Amino acid sequence: MNLPTMDRRVAVKKLLDARDGALVVTGLGSPSYDVHAAGDRNDNYYLWGAMGGAALIGLGIAQAQPDKRVMVITGDGEQLMAFGSLATISVARPKNLDLVVLDNQHFGETGMQSSHTGKGIGFDKVAAACGFSKTAELRSLEEVDTLCEELRRAADGPRLFVLKITAENLPRSLPPRDAVEVKNRFRAHLGFATC
Amino acid sequence: MTASVEAKHPEAGALAAAPAAPERQWPDQVYEVLKAAGISHMSYVPDAGHTTLIHLFSEEPEVITNVLTTEEEGIAIAAGAWLGGKRSVVLMQSSGVGNCINMLSLPVQARFPLLVLVTMRGEWAEFNPWQVPMGQATEASLKAIGLRVLRAETGPDLVETVAQAALMAFDADQQIAVLIGQRLLGKKKW
Numbered sequence: 003m004n005l006p007t008m009d010r011r012v013a014v015k016k017l018l019d020a021r022d023g024a025l026v027v028t029g030l031g032s033p034s035y036d037v038h039a040a041g042d043r044n045d046n047y048y049l050w051g052a053m054g055g056a057a058l059i060g061l062g063i064a065q066a067q068p069d070k071r072v073m074v075i076t077g078d079g080e081q082l083m084a085f086g087s088l089a090t091i092s093v094a095r096p097k098n099l100d101l102v103v104l105d106n107q108h109f110g111e112t113g114m115q116s117s118h119t120g121k122g123i124g125f126d127k128v129a130a131a132c133g134f135s136k137t138a139e140l141r142s143l144e145e146v147d148t149l150c151e152e153l154r155r156a157a158d159g160p161r162l163f164v165l166k167i168t169a170e171n172l173p174r175s176l177p178p179r180d181a182v183e184v185k186n187r188f189r190a191h192l193g194f195a196t197c
Numbered sequence: 003m004t005a006s007v008e009a010k011h012p013e014a015g016a017l018a019a020a021p022a023a024p025e026r027q028w029p030d031q032v033y034e035v036l037k038a039a040g041i042s043h044m045s046y047v048p049d050a051g052h053t054t055l056i057h058l059f060s061e062e063p064e065v066i067t068n069v070l071t072t073e074e075e076g077i078a079i080a081a082g083a084w085l086g087g088k089r090s091v092v093l094m095q096s097s098g099v100g101n102c103i104n105m106l107s108l109p110v111q112a113r114f115p116l117l118v119l120v121t122m123r124g125e126w127a128e129f130n131p132w133q134v135p136m137g138q139a140t141e142a143s144l145k146a147i148g149l150r151v152l153r154a155e156t157g158p159d160l161v162e163t164v165a166q167a168a169l170m171a172f173d174a175d176q177q178i179a180v181l182i183g184q185r186l187l188g189k190k191k192w
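Going line by line, the protein sequences match chains X and Z. By my numbering, the letter at position 74 of the first sequence is numbered 76, and the numbering carries on one by one without gaps. By my numbering, the letter at position 124 of the second sequence is numbered 126, and the numbering carries on one by one without gaps.
Honestly, the hints are just simulated from the structure, not real lab data. From a predicted model like this one, the values you see are computed outputs, not experimental measurements. We put the CB at the ideal spot given by N, CA and C, even for glycine. Careful: at least some of the hints might be erroneous.
[Claimed, not checked] The calculated lysine-lysine pairs, modelled on DSBU-like cross-linking and capped at a C-alpha distance of 35 Å, are:
id, chain 1, residue 1, chain 2, residue 2
1, X, K136, X, K15
2, X, K16, X, K97
3, X, K70, Z, K37
4, X, K16, X, K70
5, Z, K37, X, K97
6, Z, K145, Z, K37
[What the hints assert, rightly or not] Sample of chain Z residues facing chain X (criterion: CB under 7 Å; computed from the structure):
id, residue
7, L58
8, E62
9, I66
10, T71
11, T72
12, A78
13, A81
14, G82
15, A83
16, G86
17, N101
18, M105
19, A112
Given only the sequences and the hints, what does the whole structure look like? Please build it.
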């Protein structure tokens, strides 16, 4: 079964070029590298740990900043650790939170062991069952172009999109590891003081 | 709106507003103290001891509440709320502390303000032996991952403790758990 997959860096670059003011949270590992490779910015919040936290940090930001769109870019492994978060986010029903799962069907950081998403678990279907307002599985960069247009339109609730990406370890583009600095510059971007 | 919440320093008023509390009035007074500290966001896994607080927060239209599938979600949500300019509190039972440990590396390492209120089980008049191991491990686990841990055994002490914990969390960037003793909560009705 060799269904088509896409280049993760190109896909993420497309999403970020079209972010239109969206605040971005990244899951640990390659999604953080992909977002950093597209250009380091103060309105990116990168995780280097706290596996399973990305979507929920996104929820917290979305609830505190209802007038801004929040885009979480994470991997299948990171989202698998936050399976229940899809229930919590669906119940919270933010209209400004989009989850993008970069799905290579493997735990890429730890030796490319295969993950649940290559064995029948589809996050688009799980999120749809939870009640997300829009979900889809994408397999081509052309579909990502269409998604970028769709993300500009208002949503009735949280949305989740699975991007099936090629399983490969690309050269790392490392975001800052100073967690306090990344936090403070993100808050400063929104006009908040730092301690 | 959120910026003004950030700018004010309500803690002095919160501390002054912590009167001597009859034992059964502490949930209402803790709620008032949390509101006075500028908290407008709350996440929880229910516990009987948190019933009144959950009810009061849920009834307040200005407060956003999240019911969680597991307690660690609340730690990540609280960090996100702070990034977006809101002050959040997380409510859980001691059994849920064990679910949070690795996620607590987020507020500890990034120095996010964190205020967690933990109702204790497994330490006083406990009828369920399954509550005892995590109840006994709660304080040690929280300290091991780097939180400041405070305890209260009476209503008045709890109200004062929460007021100053909120000040330290949000004005001094600390990660604080307040343990609400099972002796204060009373024997669970069964």
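Hint-by-hint comparison with the structure:
no., hint, in the structure
1, K136/X x K15/X, "holds, 22 Å"
2, K16/X x K97/X, "holds, 22 Å"
3, K70/X x K37/Z, "holds, 25 Å"
4, K16/X x K70/X, "holds, 19 Å"
5, K37/Z x K97/X, "holds, 26 Å"
6, K145/Z x K37/Z, "holds, 27 Å"
7, L58, "violated, 19 Å"
8, E62, "violated, 14 Å"
9, I66, "holds, 5 Å"
10, T71, "holds, 3 Å"
11, T72, "holds, 6 Å"
12, A78, "holds, 4 Å"
13, A81, "holds, 5 Å"
14, G82, "holds, 2 Å"
15, A83, "holds, 4 Å"
16, G86, "holds, 3 Å"
17, N101, "violated, 11 Å"
18, M105, "holds, 6 Å"
19, A112, "holds, 4 Å"
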